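**Q** So the chains spell out like this:
2 protein chains.
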Amino acid sequence: MNAYPIVIENTALEWLSSFLSERKFSKILLISDQHTRKHCYPILESFLPPHEIYEIAPGEIYKNLDTCQLLWEALTHRKMDRQSVVINLGGGVIGDMGGFVAATYKRGISFIQVPTTLLSMVDASVGGKLGIDFKGFKNHIGIFCEPEAVVIYPPFLDTLPEEELASGFAEVIKHHLIADRERWGTLKQVKDIRNQNLAKIIRHSVDVKQKIVEIDPFEKGIRKALNFGHTVGHAIEGHALEQGEPMLHGEAVAIGMIAESWISMQRGLLAEAELGEIKELIGRLYPGRQIMEVDFEVLYARAQNDKKNIGGEVICSLLEGIGKPLVNVAISKEEFMGALTFANIVYGF
Amino acid sequence: MNAYPIVIENTALEWLSSFLSERKFSKILLISDQHTRKHCYPILESFLPPHEIYEIAPGEIYKNLDTCQLLWEALTHRKMDRQSVVINLGGGVIGDMGGFVAATYKRGISFIQVPTTLLSMVDASVGGKLGIDFKGFKNHIGIFCEPEAVVIYPPFLDTLPEEELASGFAEVIKHHLIADRERWGTLKQVKDIRNQNLAKIIRHSVDVKQKIVEIDPFEKGIRKALNFGHTVGHAIEGHALEQGEPMLHGEAVAIGMIAESWISMQRGLLAEAELGEIKELIGRLYPGRQIMEVDFEVLYARAQNDKKNIGGEVICSLLEGIGKPLVNVAISKEEFMGALTFANIVYGF
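Here the protein sequences line up with chains L and R, keeping their order. The first sequence begins at 1395 in my numbering and counts up one residue at a time. The second sequence begins at 1395 in my numbering and counts up one residue at a time.
Any given hint might turn out to be false.
Because identical chains cannot be distinguished in the list, a pair is counted as satisfied if it fits within a single copy or across any two copies.
Straight line, CA to CA, 30 angstroms or less: simulated DSS-like cross-link-like pairs of lysine-lysine [unchecked claim]:
1) 1421 to 1585
2) 1585 to 1673
3) 1418 to 1727
4) 1605 to 1529
5) 1421 to 1529
6) 1718 to 1594
7) 1473 to 1418
8) 1432 to 1582
9) 1418 to 1673
10) 1614 to 1421
11) 1529 to 1418
12) 1702 to 1585
13) 1614 to 1418
14) 1702 to 1418
15) 1585 to 1614
Hints listed in this document are in silico derivations from the structure and should not be mistaken for laboratory results. None of these values were measured; they are calculated from a predicted model.
Let's have the full structure, built from the sequences with the hints guiding it.
**A** Dropping the structure here:
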């Protein structure tokens, strides 16, 4: 596992260029959306050998089977074969879906991830999780399959809106909370994300995730630590999507981390002061969103159907102090409800 | 690879029963079609713990994304989780598609194959190939993923129509042609398939296939020998399906084996006498079908888009004598056309 290169540097596009010449793929199809076509493709273009482009509509709502069908048709139409390669130029939607399409086309052809958002750089680039949403459930259909390479070019982040940068930073926060107590002291002081040394932060996050994924590639144990904040977060994100008011992934996970930290504190695992630090950092960096009390039941039902669950119980990952995850914890409905109430309070709703 | 049990015996259902009690899956969903529901499920039912059934329409034309969506919905609706299992009771359509659905649901849950046709017993049960048809291309979308177990209960074959039995027997013939010169002497004399010792024949075919797949799980080299007869066969089968006159897989492969044996003979790889034996056996057991000359070009274009191909050339597996495959052979358009003409001649069309 993880035998593929993850290149993170300002010369990453030169690296990609050499990689493609060496590998001599029979055909190259680049998948982009309107944003990455406009902002990133012009930077990338000159580093690529002859290729074709397929542009999809941007946004999580298109991460579905209909778009997959368009993509499979595009590959078929171009007579892509098992020596061909798909380059996914975009955020999580393009990486997850373009990867899934490539990995299932003719039972799997090569693909290269070129993430353009902070979220996809620190999260989707490691671990081989691919997939699409289905009937409002996030990543409900998918597989584990690794790319040929991940090419991270930090200057792409200069093209990214502020809220997208913050969304990705939620995973950076998570990686510190589950695995790096030492660096947390510095991280908790962050006020302006764009002023940070992002290349260094991406490398740190990729290293944390890679170490965990190497030990547990199929998410049988410790990898579940990466789900911290995601049990509650996914429920909120999926529901918001279904309601036609989509949230950025990181914004939902930020709320989820507050909620799951609160449960950890309630259980006496996390100190009250630690919870305070977490809610202060997140409260400062994310806008929050009020969770309506009428939706609490719906969110709980949604969490029950989360991939991570076993037999109807809601399972999540908690913190036994900062830097120390505790996986496979069944939480009660009361805890879930209480955590949502707490998240509302943090934001003064 | 191939660490999963393949049980072939008249007590296979007892074995399945113990396996299911041991593994304590959280939920069991059995996928069947109208035929297997009627003919096989009543035999199987008493061996299963509490379970639910989902019935799909029978036939290759339903091996598509629409049916997958129904199945993914059925799993979601039943809140199946990663400790649940899908049991695929049926032929290749149910095994390939039910397996694909399970292997992509929540990034993969367990599934057990209970093949009910000779074809699926000798072919689909080994090697982990899963998938569905797309836009008229056979198994165009799919992955490699292994089941928890394959349970082969030979008496299910008593419920199988004659032509279905013959269809499966084409793969048995193929396994002899690519790997067992010694037994070919006996096999070539077969006149009545049902009178054979089918359990023994299935075991032989499974062993042949398993040995090949173990050496080359991802079809980089020798596994391609299993594609013998399939380059031409798939083109014929896919085209027939698209024309609304579907053929059984084995019938198409039988024609494909005649065609590809002819090419082998033309190249001086296969003796004329050997070609004679092959066409005699196949001519005796299969009805054949006239390939219209107006369709030759379409079939060739279809073969060019076969998964096995590289950069527009048609690649197939030939025979260097019976029992000895030669993989990765690029064949010319003239050879392809000549082979179709020869297949017509064998059947007197």
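**Q** It remains to establish, for every hint, whether it holds in the given structure.
**A** For each hint, the structure was consulted:
no., hint, verdict
1, 1421 to 1585, "neither (45 angstroms within a copy, 48 angstroms between copies)"
2, 1585 to 1673, "within (14 angstroms within a copy, 78 angstroms between copies)"
3, 1418 to 1727, "between (54 angstroms within a copy, 25 angstroms between copies)"
4, 1605 to 1529, "neither (33 angstroms within a copy, 41 angstroms between copies)"
5, 1421 to 1529, "between (33 angstroms within a copy, 21 angstroms between copies)"
6, 1718 to 1594, "within (22 angstroms within a copy, 56 angstroms between copies)"
7, 1473 to 1418, "within (16 angstroms within a copy, 45 angstroms between copies)"
8, 1432 to 1582, "neither (34 angstroms within a copy, 64 angstroms between copies)"
9, 1418 to 1673, "neither (50 angstroms within a copy, 41 angstroms between copies)"
10, 1614 to 1421, "between (37 angstroms within a copy, 19 angstroms between copies)"
11, 1529 to 1418, "between (39 angstroms within a copy, 28 angstroms between copies)"
12, 1702 to 1585, "neither (33 angstroms within a copy, 54 angstroms between copies)"
13, 1614 to 1418, "between (37 angstroms within a copy, 17 angstroms between copies)"
14, 1702 to 1418, "between (40 angstroms within a copy, 18 angstroms between copies)"
15, 1585 to 1614, "neither (36 angstroms within a copy, 52 angstroms between copies)"
In summary, the structure is inconsistent with hints 1, 4, 8, 9, 12 and 15 from the numbered list given earlier, while agreeing with the others.
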